[in-house]
Amino acid sequence: MTPASDRPKGTPVPPAVKQQSVKQEREAQRQAKVAAFKQAQKRKNRNKRIGVWAAVVGGVAVIAVLVTSVVLTLPKNATYSGGGTGTGTDIAGVALFENTSEHVEGTVDYPQNPPAGGPHNQYWLNCGIYTEEQVDENAVHSLEHGAIWVTYDPSISDAELTKLKELLPKTYVVLSPQSDLPSPIVLSGWNSQLQVNNASDARIADFFEEFWKSNNVPEPGAACTGAIDGPGKV
Amino acid sequence: MTANSSIGDAGVDPVDDDVTDEELAAFDAERSSDGSSRTRVVIAAMAVVAIVVAAVIGFSVGRLSTLGHPIPTTESAEAGFSRDMQVHHNQGVELAMLIRDRTDSVDVRTLAYDIATTQAQQSGQLYDWLVQWGLPQNSRQPDMTWMTLPTLAGATGHAHGGGDPASTGSHTPGDPMPGLATPGQIAWLTAADGPEAERVFLTLMIAHHQGAIEMAEALEPRTTNAAALSFAKAVIASQEAEIDLMTGMLDDRGGPVALAD
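Protein sequences appear in the order of chains A and B. The opening position of the first sequence corresponds to residue 1 in our numbering, with each subsequent residue numbered one higher. The opening position of the second sequence corresponds to residue 1 in our numbering, with each subsequent residue numbered one higher.
Simulated from the structure, these hints should not be mistaken for lab results. There may be inaccurate statements among the hints.
[What the hints assert, rightly or not] Covered stretches of chain B (in silico footprint by chain A; criterion: 3 or more residues with CB under 8 angstroms from a CB of chain A, positions within the stretch not fixed):
id, stretch
1, 60-70
2, 235-247
[As the list claims (entries may be wrong)] When the alpha-carbon atoms are kept at most 20 angstroms apart in a straight line, the in silico SDA-like pairs for lysine to any residue are as follows:
id, chain 1, residue 1, chain 2, residue 2
3, A, K233, B, M46
4, A, K48, A, V60
5, A, K233, A, L168
6, A, K44, B, T190
7, A, K44, B, V87
8, A, K48, B, A47
9, A, K48, B, M46
10, A, K38, A, I50
11, A, K170, B, T182
12, A, K170, B, V87
Heads up, the beta-carbon is just placed ideally off N, CA and C, and yes, glycines get one too.
Given the sequences, and given the hints that come with them, work out the whole structure.
This is the structure we're talking about:
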């Protein structure tokens with residue numbers, strides 16, 4: 001790019017002194033430009049380095065905050081399918097039904113034994129411990145209010161019955177003997193049922209956790225007192 | 001610079017000593033141009049980064065802010081209170097409905113109406129807390145276990161004898177709830193009629209309210225849950241006022257009856 005090389009042939013060569021000073025001037029200009037360039041390059045490199053480090057540190061910090069906030073607030077594993085689903089499908093042997101809930105007079109032919117929902121008498125059976133068989137149509141009304149009806153074969157031992165009583169919540173439970181049961185002990189809620197052979201069965205507690213005062217009965221929270229006491233109430 | 005290169009040197013050009021004319025020309029061109037298109041790209045990139053960072057921080061703050069208000073667990077004081085107070089309140093409804101059927105006194109019948117509707121509504125609130133918290137209505141722990149939990153200030157509920165029931169409740173898991181009427185006492189009220197039934201009811205309900213206040217006072221130092229705290233406060237205030245009212249009504253009727261178990 002030196003202008004000298006572009007000069008057409010035959011043009012007089014300028015005096016050496018003058019040429020020298022132009023050369024020097026150009027060289028000085030170039031040096032100044034090189035110095036500026038180097039300085040700019042240094043500055044650019046420094047800025048780039050700062051930028052890269054800031055991006056790395058900032059990125060790591062943002063990811064750390066994100067991970068921390070998610071990990072700390074992960075939902076805890078529920079021990080119960082709860083929240084009103086009340087399906088109990090994780091409890092082995094639970095049977096589920098779909099029954100209607102109208103009030104009727106007289107006897108009802110229930111599809112389940114013992115009944116686990118369906119048409120029922122206007123008077124619900126007050127919850128509690130009974131030593132005699134109860135009227136289905138009254139007990140079913142208690143199921144509609146969220147109670148669990150625990151029926152046992154009268155032939156089970158006293159020790160077994162005592163053990164069973166210890167497993168029961170203090171309210172919203174009817175306990176009564178019943179003949180012709182499909183198993184020694186049957187737990188019935190509204191549209192749910194579990195048959196067990198003895199009071200040591202761990203599924204009894206699971207059943208109460210899932211279905212006692214369930215949100216899926218037609219009238220959760222309605223009373224299990226204040227109506228009628230059946231025969232043999234303790 | 002290249003000698004100690006590291007992650008921070010990524011994309012950094014080494015500063016060379018032999019600068020070529022091409023580099024200088026490019027440098028000149030860069031200095032003379034206004035660089036507006038490049039600036040726009042940089043600003044756009046920074047805006048995107050700022051939006052992403054703001055979104056992440058907003059999300060994180062939102063998530064972390066829930067840590068101060070954790071959803072109660074199944075063995076928490078809040079859940080235990082919700083279960084036991086439902087039992088307590090449901091009996092309050094039962095007693096109030098019993099007396100309404102056994103007296104013509106407008107004063108007592110209106111009080112009973114007030115108690116029954118209030119406690120039925122509150123029982124429903126407690127029921128729904130458990131539903132909303134995803135907790136079962138039934139606990140595998142004995143009743144009243146929550147009242148033996150240490151308070152948030154660290155006092156345990158096991159200490160027996162004297163002291164403030166709010167922080168040192170003298171309860172044992174599985175004990176009957178304070179103020180709960182026994183089956184025999186309910187049978188007595190059920191069999192009674194007229195003025196006698198009123199006296200039995202008022203005597204039982206004063207004790208019932210005192211028990212509920214004890215339970216509410218036991219909840220207060222064991223929770224930071226806003227709904228639970230305002231519930232406890234409401235129970236204490238309204239039931240203390242009703243105890244005063246019932247004490248006056250009972251005095252007018254000859255005072256409390258002696259209760260057997």
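Checked hints:
no. : hint            : in the structure
1   : 60-70           : holds (count 6)
2   : 235-247         : violated (count 0)
3   : A:K233 x B:M46  : violated (77 angstroms)
4   : A:K48 x A:V60   : holds (18 angstroms)
5   : A:K233 x A:L168 : holds (16 angstroms)
6   : A:K44 x B:T190  : violated (93 angstroms)
7   : A:K44 x B:V87   : violated (75 angstroms)
8   : A:K48 x B:A47   : holds (19 angstroms)
9   : A:K48 x B:M46   : holds (15 angstroms)
10  : A:K38 x A:I50   : holds (18 angstroms)
11  : A:K170 x B:T182 : holds (12 angstroms)
12  : A:K170 x B:V87  : holds (9 angstroms)
Going down the numbered hints, you'll see the structure goes against 2, 3, 6, 7, while the others check out.
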